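Participant: So the protein sequences, as listed, match chains P and D.
Counting in our numbering, the first sequence runs from 1 upward without gaps.
Counting in our numbering, the second sequence runs from 1 upward without gaps.
Be aware that a few hints might be false.
To be verified - Calculated pairs, EDC-like style, for lysine to aspartate or glutamate (alpha carbon to alpha carbon, straight line, at most 20 Å): (1) K167(P) - D13(P); (2) K167(P) - E178(P); (3) K167(P) - E159(D); (4) K167(P) - E112(D); (5) K125(P) - D13(P); (6) K125(P) - E114(P); (7) K83(D) - D193(P); (8) K125(P) - E178(P).
Claimed, not checked - Covered, in the sense of this in silico footprint (three residues per stretch, anywhere, with C-beta under 8 Å from a C-beta of chain P), are these stretches of chain D: (9) 56-65; (10) 156-166.
Honestly, the hints are just simulated from the structure, not real lab data.
The model shown is predicted, which means the values in this text are computed figures rather than measured ones.
We put the beta carbon where it would ideally sit given N, CA and C, even for glycine.
Okay, here's what each chain looks like letter by letter:
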Amino acid sequence: MQNISAYGWMLWDGFFMTVLIAVTSFAIALFFGLIAAYAKLTRSKIVNFIASCYTVIIRGIPEYVLLLILYFQGAQLLAFIISLWAEPQGFIEISPFMAGCLTLGFVYGAYATEAFRGGFQAIPKGQIEAAYACGMSRWLVGWRILIPQMWRFSLPALGNIWMVLLKSTAIVSLIGLEELARKSRIAAGATRDPLTFYSIAALIYLGLTAISILLIRYLEHKSHPDRRKGYN
Amino acid sequence: MDFQLVWQYFPDLLNGAWLTIELVALSLFVGFFLAFICGLAALSRYHLLRYLAQSYMFIFRGSPLLIQIYLIYYGSSQISWIKDSFLWAILSQAYWCALIALTLNTAAYTAEIVRGAIRNIPQGAIEAGKSFGMSRWLLFRRITLPQTLRLMIPAYSNEVIQMLHASALVGAITLMDLTATAQNLISRTYASYSFYLAIAVIYLVTTYVISGIFRLLERRLYRHLRLNEA
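Given only the sequences and the hints, what does the whole structure look like? Please build it.
Facilitator: Below, the structure is given as structure tokens:
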């Protein structure tokens, strides 16, 4: 009990860090996912091919290995890309937080791509044709018809990706980010009481999962007003 | 990329890959049976059984595998009755802890797949079986089980691939699997690009081989749905 009160604040910090990492990486994943899904659905064969390479390669390699590659080699890679345009201006440094989030976002963006693609394809073709018939431009169709409705169809898959991502944030602890898994490891090592601290960490993750399940269920309820009782 | 160096250390990588495959195959094999028991329990008529199975699934699907591995490996040494019993011979070794964690984890995920598949079996098939006077066991063996296995395949292939990817974490408790071997070689040779790329390619190829095998299996088992193509 004494240990818990002494190290509780550390787990509390770790909990906030975990949520912050998960939310930031998820936002980045949505960004990559939307771009890649659009790239997969355009008419250009080259763009299609690049987007397919992205999803095929990322989904075939463990997150942990990708994390190691992108995290430790990412700075060099970025420096190389920048040096193609500009003169190198000293050493490029990315904060571990941003590097971890970018990596997780990049990885889960590949999974989000498929969710978005399914969402876009589930929109009835008649609506798109109707929009064109009204004289809307391609961008306007995307903005007014596709993107607002795509969320509704992608939501179940995106919910799953969020849950997997939430648990994957524990992997980031292995590259030194101070989140829940890392903090509980430090506390467990310092107090020689791994059972207590890992159990608490597991319970916190379970709590986060439970909240996410409720939230996703609420969003699904909100996004399908037609399926609610008493509507028809 | 330094092919010469990778080739020189290729036997080490193969050893690591073998441990990865061994862990994944064993945990999938045992986990599959556990998953069936758990999935059936989750659909049982008895509240207690259903409740137990569902909490097991929630706990192992709701927390990160890394924490589960840590809990089993580091946490078990604190429980005195485990330390005094024969279990300690097993739980003091990283290999068995990793295997137990992976098995329990995949069993929980697979149980959810089993449950979903059983619930998707057309009710008519089960009613027809009952009306022929089949006993519960015969009904399970001839109708429920074969259809469940078939309905499971698409989701189960994802689970197998996820297990392959999840097994990369066992390096965290000192096991020298493929990823940990590569990290070890990198710290000896400083050739980080080469080894990371090498294992990335190995994982990529293995993933798509697994996915290809399942696709073939799926084609074969769903051939009754493609009669028009022939």
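Participant: Tell me, which hint numbers fail for this structure?
Facilitator: 5, 8
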